Amino acid sequence: MESATQTPVAPSRRGPERALVFEARRLEKVYEMGEVKVTALRGVDFRLFEGEFVVLLGASGSGKSTLLNILGGLDTATRGHVRYHAIDLTEADERALTEYRRHHVGFVFQFYNLIPSLTARENVAAVTEISEHPMAPEEALRLVGLGDRLDHFPTQLSGGEQQRVAIARAIAKRPAVLLCDEPTGALDMATGILVLAALAKVNQELGTATVVITHNSDIARMADRVVHLRDGQIAGEELNAEKTPPEELRW
Amino acid sequence: MRALNHKLVRDLWTLRGQAFAIALVIAAGIATFIMSLSTLESLRYTRETFYAEYRFAEVFANVTRAPESLADEIARLAGVDDVQTRISGQTRIDLPDFADPVMGLLLSIPDEGQPALNQLYVRAGRLPRSADEVLVSDAFAEAHALAPGDMLDAVVNGRKESFRIAGIGLAPDYIYQLGGGATFPDEERFALLWTPRTALATALDMEGAWNEVSLTLAAGAREQDVIERLDLLLDRYGGLGAYGREDQMSNRFLNEEFRQLEQIAGMVPIIFLAVAAFLLNVVITRLVGTEREQIATLKAFGYSNREVGYLYAKLVVAIVLFGIAGGIGLGIYLGKLLSDLYMGFYRFPYLHYVLSPATVFTAAGITAAAAAIGTVRAVRRGVTLPPAQAMRPETPPTFRASLLERLGIQRFMSQPTRMILRDLERRPAKALFSVAGIAAACAVIIFGTFFVDAIRRAVDIEFRFARSDDMTVLFSRPVSRSALYEAQSIDGVAYAEPFRSAAVTLRRGNVSYRTQIEGYRPGARLRRLVDADFRVVPIPPEGLLLNDYVAGLLGVEPGDVVTVEVMQGSQAVREFPVAGVIEQYLGSSGYMALDQLNRLVDEGEALNGLLMAIDPGKSAAVNARLEDMPWVAGVQDTEAALRNFNESVGEQILIFVVFASVFASAIAFGVIYNSARIALAERSRELASLRVLGYTRGEISYILLGQLALLTLVAIPLGFLLGRGLAFLMIDNTQTELFRIPLYIETETYATAGAIVLAASTLSALFVRRKLDHLDLIGVLKTRE
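Chains S and C, in that order, are what the protein sequence lines are.
Quick note: the first sequence uses my numbering, first residue 66, plus one each step.
Quick note: the second sequence uses my numbering, first residue 1183, plus one each step.
If you're looking for bench data, these hints aren't it; they were derived computationally from the structure.
It cannot be assumed that every hint is accurate.
Partial selection, computed: residues in chain S whose CB lies under 10 Å from chain C [to be verified]: (1) 143; (2) 196; (3) 200; (4) 201; (5) 204; (6) 234; (7) 235.
Only part of the chain C face toward chain S is listed, based on derived beta-carbon distances under 10 Å [what the hints assert, rightly or not]: (8) 1184; (9) 1195; (10) 1198; (11) 1199; (12) 1452; (13) 1569; (14) 1881.
Because the structure is a prediction, the values reported are computed rather than measured.
Beta carbons: idealized from backbone N, C-alpha and C, even for Gly.
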């Protein structure tokens, strides 16, 4: 087991060997939807360290997806700053954000977002073809336990399998960080656990810093650190002294 | 991007129905364009080749009678290269089993071999060698199934002569074969007969003389200078004024016809292509719009906007290329077909089919640009949203009660009806584009077919309203009033009216126009000239009547003064006030009172012909009597002229209309089918959800197809207006001195266009309905929304 399990509660107490991946300061996000303004984030400070597995826990509408999207360069903040290593994402232009997403971030979405006209292998290849040091699509798919489903189309796969293809697709480029938005939200428990196990395996074997957002507090037990969001603000944060392996989770 | 190429191929396969419809629209636009322009290019090129190979002369002149020796003097004129003189004379041909009178023009050729200029193309047989041999124009030979070896009886200079047909052929100076006084070529009733010179000279009392000369210009010579020198020389011999190719009748009418064809064949395809391009743009924009989530996903994984754009550009290019290739192939095939058909109208010995690369590139370029703009617009719209937002379903828009509901009639509306109305009201741009697309398709059908109505209208006015004579008699030379009395005495002639015509040049400021003035008695009953409101304009005792085309050309209005230069007889130059402007679709003569014209030309009281009303059932008898009269060159039957017009000009344009309407229908179907399919793609989740909630297939079909029906019904009347607008644009550009097309569209044409659009909608609806019956209900439950 890596040192992650022994990390202290507060980030300030981390050892100097744990480099900072993300640092978000006073993030605000306001959506304008026609005549209505919706404030999704109200001054969020957030940090993510290398190799860390963080669960963002919150009810629907708490702002967790918004935070994740801003971290991943899918959306921009209205106010505040996000740094990814040396890059200030809030200052980055479209081209820089594209570069950032292409080489540093992997995404897993609640509804998989696979390209329906491509097979599992091709869906992964669509990403590996544009990255710098990717693993082979087959290797990525074996890592998530789908070595025997390479040439199946999304419609020929179960929801859990589709989500695992999505994970393979996200990690195949060897990203520094993996961002997962309700990855088990559309799955039953048994399938969800398989997906979570795949995420944990990637986190451990590749050391990919991982952020999972969920409204399911049971899943939080597998994280190094749990961040609670409520009403667009951080409502609390805790470290798990001992991580529960996904296989033992129940909900 | 190899993996994405797989996506491309598979998407293309999934979209094959729509892709086919889009390709159909493109192919129709391009095929029309290429078909029309290549036909024009081919006709032009063929004519130029024929002119060059058969030595079409450059300057022409007619005289009453000039001595042989004058030819040498002409050849010595500065600027003259080759000279060819000949003898021409009118004749009347008797065909044993053809009742109508047939006019013939006898033309001399050297006793041995080809003339130096205006050489003959011999299609069958050989050139005539002896006095009783002729070469017959091929159109006439074809119309009467004449072959070399057949005999032909003709009245030459009052004597009946028998000719043996030595050969059948044509010449560059008579590609357009117009008999004296006729408005349109009539291959059944007009023949050209080429015969050896010595024999013809004897028959026409023209020994040692000639009455026609043609010449070519030396390198660098100015045509106008040569014409002036020639006129000076020919003046003593009754010269009617030399003229260049521009005024040579066959060439001039060909120019006019080509110009008209160019307007029709040039404008129709451009409008077709423009409409196709517009529709392509709309369809592509919406098609790529439905890919919004996939675009967002690709972006989330680090694909740049350019890469995503490139991917969709490839998809579009694949579809467009398919259409372009099909369109080019079809266009070439139909272009050859159409050129061949036109060959039947224009007497060329051969046809060179040409298609310039510029035409192909223009067509492909316009299409590709339209597709590219559509793609860029759509992809830009897809990629400007932050991916996080684009991946979410579109924010539920702020719906509200539609206008109709606010009017307080909502209790009569079911929920589905409200859905239709609210959707339309909330997305007016989308609805507008659909309506515009369908309206454009409808307009194109009207635009492609209205010619038939317009021509029928022109014919009705010209042949049934403006002319009430049954027969027009043309004299071989100007004769005195006694001819009128003689004709009136024929049994069966109910009424006869004389006319004369004189070749003139009309001048106003710097603009001049060569035409003829026809003189009628004031109060003439058989010729009715009408104004723009179809009120009869009587022949004024003083002054000149011009039709709107000539008036427009000279820039004159009633009351303005026009200079008339008589090109014969007196050679007088006088000024006349324009007494009125008349509406006329055929021809471009000026009109004045007979007495006034006689005074102007100063050749005494000379008549060129008669208009006659014939008692029912007597026309054959009258014809027979007229044939015995030496001064009768020919007789024109009004009904026959009408038939002839319908067969020549009418058919020419009809051929085009048939192609145009087929393509227009294809465009209509392509557009409507795509609108329906895209609407289905955009709303299938919503509709599947309704199915899950217990709506029947019929009910959800109503929501989607009801909307399509509503849009179609709104679009059709708009399409009518647009079609009329396009028709106006077009006819404004197709007026020629020979024939002008009125803006006239029958109710049936509107009805047909509407019916085609409705049929295309119904067919599209049926296809979409089949898709609706197989909506994936489980899928919509499993994924979001």
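- [ ] Closer than 10 Å between Cβ atoms is the bar; does residue 201/S clear it against chain C? Give me holds or violated.
- [x] Because about 13 Å separates residue 201/S from the closest Cβ in chain C, which is outside the 10 Å limit, the hint is violated.
request  = Closer than 10 Å between Cβ atoms is the bar; does residue 234/S clear it against chain C? Give me holds or violated.
outcome  = holds (7 Å)
Problem set entry | Cut-off 10 Å, beta-carbon criterion: hint that residue 1881/C touches chain S | violated (27 Å)
Can you verify the interface hint for residue 200/S: is its Cβ closer than 10 Å to any Cβ in chain C?
violated (15 Å)
* Asked: Does residue 1452/C pass the interface hint, meaning its C-beta sits closer than 10 Å to a C-beta of chain S?
  -> violated (37 Å)
Does the interface hint hold: is residue 1195/C within less than 10 Å of chain S, judged Cβ to Cβ? At 8 Å from the nearest chain S Cβ, residue 1195/C passes the 10 Å test, so the hint holds.
Original post:
Can residue 196/S be said to touch chain C, with a Cβ gap under 10 Å?
Top reply: holds (7 Å)
Chain S contact restraint for residue 1198/C - C-beta distance below 10 Å = violated (13 Å)
Should the interface hint for residue 143/S be scored as holding, given a Cβ-Cβ cut-off of 10 Å against chain C? Violated: closest Cβ of chain C sits about 12 Å from residue 143/S, beyond 10 Å.
Checking hints one by one. Is residue 204/S an interface residue toward chain C, by the C-beta closer than 10 Å rule?
Hint on residue 204/S: violated, closest Cβ of chain C at ~16 Å, above 10 Å.
Against chain C, run the beta carbon of residue 235/S and see if the smallest gap drops under 10 Å.
holds (8 Å)
(request) Tell me if residue 1569/C is really an interface residue toward chain S, meaning its C-beta lies closer than 10 Å to one of theirs. (result) With a minimum Cβ separation of about 4 Å from chain S (threshold 10 Å), the hint on residue 1569/C holds.
Violated hints, listed in ascending order, are 1, 3, 4, 5, 10, 11, 12, 14; each of the other numbered hints is respected by the structure.
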